[in-house]
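Asks: Given chain D's structure and the hints, the job is docking chains C and B onto it.
Protein chains in written order, with my numbering: chain D, 5 to 516; chain C, 3 to 316; chain B, 4 to 637.
Any given hint might turn out to be false.
[Claimed, not checked] In silico BS3-like cross-links for lysine-lysine, where the CA-CA straight-line distance does not exceed 25 Å:
no.	chain 1	residue 1	chain 2	residue 2
1	D	LYS265	D	LYS447
2	D	LYS100	B	LYS297
3	B	LYS85	C	LYS162
4	B	LYS410	B	LYS297
5	C	LYS162	C	LYS199
6	B	LYS297	B	LYS8
7	B	LYS349	D	LYS187
8	D	LYS265	D	LYS466
9	C	LYS154	B	LYS85
10	B	LYS465	B	LYS297
11	D	LYS100	D	LYS156
12	D	LYS391	D	LYS358
13	D	LYS100	B	LYS349
14	D	LYS187	B	LYS233
15	D	LYS99	B	LYS465
16	C	LYS92	B	LYS50
17	C	LYS92	B	LYS631
18	D	LYS100	B	LYS465
19	B	LYS233	D	LYS156
20	D	LYS99	B	LYS349
Just so you know, these hints were derived from the structure itself, not from any lab.
Computed from a prediction, not measured in an experiment: that's the story for all the values here.
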Amino acid sequence: MTFRQIFIRKIVYLGIIAVLLLPLFWLGQPATVGARGVSGGPGGLLAQLRTEYGLSEAELGEIDPTSEAMRLATLGLRGVAANILWKQADTHKMKKDWTSLSATLEQLVKLEPHFISVWRFQAWNLSYNVSAEFDDYRKRYDWVIRGIEFLKKGIRYNEFEPKLVWDTGWFIAQKIGRADEWKQFRRLFRDDDDFHATRPKELRDNWLVGKEWFQRGEQMVDQGAVLRGISPLLFYSDRPMCQMNYSEYLERDGIFGERAKRSWVRALEEWLEFGNREFPTSGDEVIRLNDREALDRQVAEAAARLDELAPGLREKIRQEKLRRLTPEERIALETLPQERTVEQQMQAFQAEAKITVSHREVAQRISGPNRQEALRLADEAEKAMEKSERIVQQRTIVNFEYWRMRAQFEQTPQALEARELIYLGDEAFRNSDLIRAKEYYDKGLAKWRELLDLPEFPQLVKDGSTGRELLDIIRNYQRILDARDEPWPQPFILQDVIDLHKDRHPDFQVPQ
Amino acid sequence: MSTSVLPGTSAETKLETTRDVVVETRNLTKVYRDFWGRQKVRALKALDLSIFRGEIFGLLGPNGSGKTTTMKLLLGLLFPTEGEALVFGKPATDVSKNERIGYLPEETYLYRFLTGEETLDFYGRLFNIPAAVRRQRSAELLELVGLTAARKRQLREYSKGMARRLGLAQALINDPDLILLDEPTTGLDPIGTRAMKDLILQLRDRGKTIIMCSHLLADVQDVCDRVGILYQGELKELGRVDSLLKIRDVTEIRVAGLPPVALEEIKGVVERHNGQVQFIGNPTTTLEELFLNIVAESEAHPGRRVRGGVSDGH
Amino acid sequence: MVIEKVLPPFWTWFVQAALVWVALIVVVCVFGLLLASFVLTVERGFKRAAVSIGRAIVEAFTDLIGAISFRRISGLVFLAIKESIRRRVLAVFALFILLLLFAGWYIDPASTNPSVLYLNFVLSSTGYLIILLALFLSCYSLPNDIRNRTIQTVVTKPVRISEIVFGRVAGFALVGTVLLLLMCGVSYLFVISGLSHTHTLSSENLSAMTDPQGIVEGYTGFTSTVHGHKHRVYVDPDGKARVEMRHGHVHRLEVSGIPPDAKYSLGPAEEALLARVVVYGDLQFRDRDGVDTKEGLNVGDEWTYRGYIQGGSPAAFIWTFAGITPRRFPDGLPLELNLGVFRTHKGNIEKGVLGSIAVRNPRTGLTVETEIFESKEFALNQGVSTNQFFIPRLITKASSVQIIQRKRIGPQGVELDPPSETLDHQLAKKQEFDLFEDLTDNGKLEIWIRCLEPGQYFGAAKPDLYLRARDGYFALNLLKGFLGIWLQMTIVLAYGVMLSTFLSAPVALIATLGVMIGGLFRDFMTQLAFGQTWGGGPFESFYRLITQENVMTQLEPGLGTTLLKMADVGARGFLYAAANVLPPLGEFGWSNFVAYGFDIPGEVVLIRLLQTVAIVLPVCVAGYFFLKAREVAE
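Here chain D stands alone, though its shape is the one from the complex (with noise of 0.2 Å):
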């Protein structure tokens, strides 16, 4: 070959590349701000993208000179490099070598600080596996601390992410505070001025400094921030939560009296402004979880109207249907719930259904100048039912109504005494002080007796976490009276708190 096709082939080359850079460059272009606050061109499509995706590094959080040079080094394999470290993290992890471990990752992040799941996962890891691996407590605080500044760091790199504070928030609230050495862990985080800093002694309680992340993930997300992979409902749950679990645990540290009511009294104004707040469902409507009782009140107004409008019908109707029910789903029916077979019981469910009188089904029998009222009210009545329902799933999901009553009826003064009397009952105890241990025991019962009759909290006697709780109380109370020798008392004064829950709970004994 000659130079000069050598020369026209090496020409013809470059030709094709600048060719096929050019889409590169135009989807790549950046974009351009205009003169004086003009806002110039948008830029190619990539740019676009970046922008509506907020990709760019400066947008992102902090740029690391370290973390620049080594993606750079890479070289393009980058991803390939984060596998191998991924891989060696692993193995440093299995073989114990935690000095490594902590290098590894610090690498690992530098290579892909915008891997959010590469921070999430390696927090956990450090956080709740490696801190499992020690023996004293103490140093497994230590992991737990790192796997929060781990944490941290990532929110540096990634200030838009409000999973990463959310996750922050969780490790700081709930890792702390629920381990099974919570005792010790909130003893070290009170202490722990490296954390702290400036913040005061008495301000440093894992669940309001837990609560103060959550508050800043809410208000990322409210300012704009993308929440992607956790449900809103959870999301926005934690903060109030934190709430109720610092009153909570105050009053387990012994502390009683006003600050414990106060700290009740905010947990409810909180879980309260969290049920006003709008979260959207699979429909298109949004929903507020306060909204169940109103809407419950609406349809039974528009029921109540809906009746005068017709009285009587609603019974009639019940009746004809009543009368179509095969023999054996009458008597399935009619027999008490308890004493239903299996058959029966799928028997009873369908005819229940089947005998049901929906508003609808009642307006349409209303003829007259009066049909077009009861259709409306019908409507109106049925949508509030179906919202309603709608509102008591999400409520399940975060045990709304639970928590509600709880940290209303923690306020009364009764559950305040109460359960300071079975805290000082236990500490009597736990110091062999028998006598006064059972004093404050059956002061404490007492007091739980009054609140239980409380004519505002008729549901709590039948609640499952309550009647769980008492029943350890109940426990408790027991373990005295043998340790002193005395038989049971009869009557017991919280009888019917064990009738109703001693069957969810086989392993409780019933005294005797």
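Replies: Frame of chain D; chains C and B shown alone:
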């Protein structure tokens, strides 16, 4: 070595047997093969050659005729496919023969990152020469090739001619008995060429054997005692330079002081033999003509050993 | 420090390694000879082939042994050095300095064990750079010489081919040595300066510690936080001070005045860079029935390095030490112990699990429990002080004295050691015990570690308990660490030069790289060769791979399976040979020793040195043959 003794050189045969043979090749053949062992080029075909102490032997031929291959076979850089090459009576692949050999390669294959002095010192060490001797000899050789001033400069800064001269110096570092020069005058200017030729003759006079190959006829003609002409891997001609260049069916008589009678007599003799006297005496041809003849002949009758228009006259 | 592959004692190793080596050399020679004969016979016919080979063998002896000239080699070494300089090897040093300049970006001085990170960094980056350099120098040198034909001027001198090969390797090794020494010096300074720091302490940081009567027993508090850590300090009322170890080091605390209102000044970090000279023992386990076993329990770890023993049972770790003489340990035995702790119930969260340490005379069975301790697990790895014990020469305090027989299950049932009839129960009646007279038998003694709490477990591996004989010099140890890199470099150089005798430069580079990477799979290949892996040998596993067959399922019996298995048996020999030809480069890294502050034992150095020689020599000889058989001109 019956085939190698050409009729034209048989007069020297007696002489040869009495002299030391420095280099001898028997049926030396080199075939280049490709990776799969298939024959690619037959670079040298059954070469039989003897070179004697104290002579300057020239290998002549166009590019690719097998000159350099022969050289490299003699040096052991290549391994023969057939036959063998003996140097000082040892196989060419034997390293110990190198003690007495100096070799100037075709182009100066020296390390460009060494200085002139370091180069000579390095090759001196390879000859296991003690440091003091090395120093002294390098100085002498640098002086000889006129590079004393440039001895501290790296070879990368050397001109082609300088590098060539340093190449010669390294070839002489061990005061060799046999010197192989591959195209010794390439890259030299006319003065340099002249100096090189003088040096070659000087070395011969000091009893060294010199084998040089060249495609420059003038070089060979000027300095060589004997030449072998290679073409396409075959030895086409071998002999003393003067005898090779005689046109044997032409007689040139150049006489001084001959009486006219005698001349008439000679003319008479010539005429009696239907000859025609133009000039009395032997003319000589040039090596160039000889060479071109061989090439023409080879192409007409490939594979035949030619005697390029030169008769068998003794 | 974790040592997963424990080297056998020198002579055990030497005999075995020498046998394998000789066998391998013979196999390679025979194989090479057969190959050469075959090729030459095909090319030139039998007779000439025989002559050539005969001559090559004779020449090889003179070239490799007889005719070697140090002056010629020195010339070639000089050339290699010049060439290296020409090819700007010093740039590597500049690169190293550059790396160190930016290393601070990536090394976290607040890490729990910064010295490990620093040392691992300097050792690994030096290693990578030097090996990369060795690769390029060795693989490109000869092919370049051949391409530029400069080799022709060289080989037409009376230089032996062997000298060309050795000269290259030696020359480049020399260059590498100088570079490594430079890097070692710079690394030392880098590590020292990177770790150096001090803290401040003032009287406000201290609070009084009182006994129940309210009398001040001393003061405690924290120093300032530097490099992400602070130390707890204890100051006695009389001014004596103690600083707790954090992040692998302590500081000396000077107290001038009467505490608490005194002036406090802390010294530089100490004990961060150590070179502990330690003596390891052999570890055996005793199970909960009191019977000796080889392995401990697995508590569910994927990593089977540590074996566990059950607490509150006769189970124990038994380390047997040899060569314990009054001369070596005139005052007693300084011991350090790392323990893994595994709890099956919470126990007391605030406290470590209790264990005991005892010394036993293997001949008489006299066992003296000297101490009950609280566990500090994996302490060394975390840079916090480890469980340290000192067993004095004269033991006056013993928490229990017993005569214990060891139980082994032998072919004739349970064997007791020492046998019951030789027991001397009077021994246990003594009040004081001399370590060497009562508890050592011919320099041998056993250390027993037990876990005292039922339901809790202790875990340990052989290197977890050791005698800390003395402390060596850190700088020297670092130098030894660099020697490890030097050995690796030399091996790479030899392989590079050898492969470049017959391959072109880039191909030789890739081949050498392949050899190095292959070396990482040595153990795996050996396992394959001995049929210790799941899923069969190479052929069977290939079959399983393409048919997506699980490694655990049995292949259907039949001709195909039989053939596969036979092919695998055939491949085993090859695999074994290949595994042994490949250099175990990974095993030459001693950075862990240096990083975790252990003196690299002389025996390890010796073994690796011999291994290097055993690799480099034959590789160079192979290079000689390859280059000799090759025409250097074209």
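Asks: Enumerate the violated hints, using their earlier numbering and listing them in ascending order.
Replies: Result: no hint breaks.
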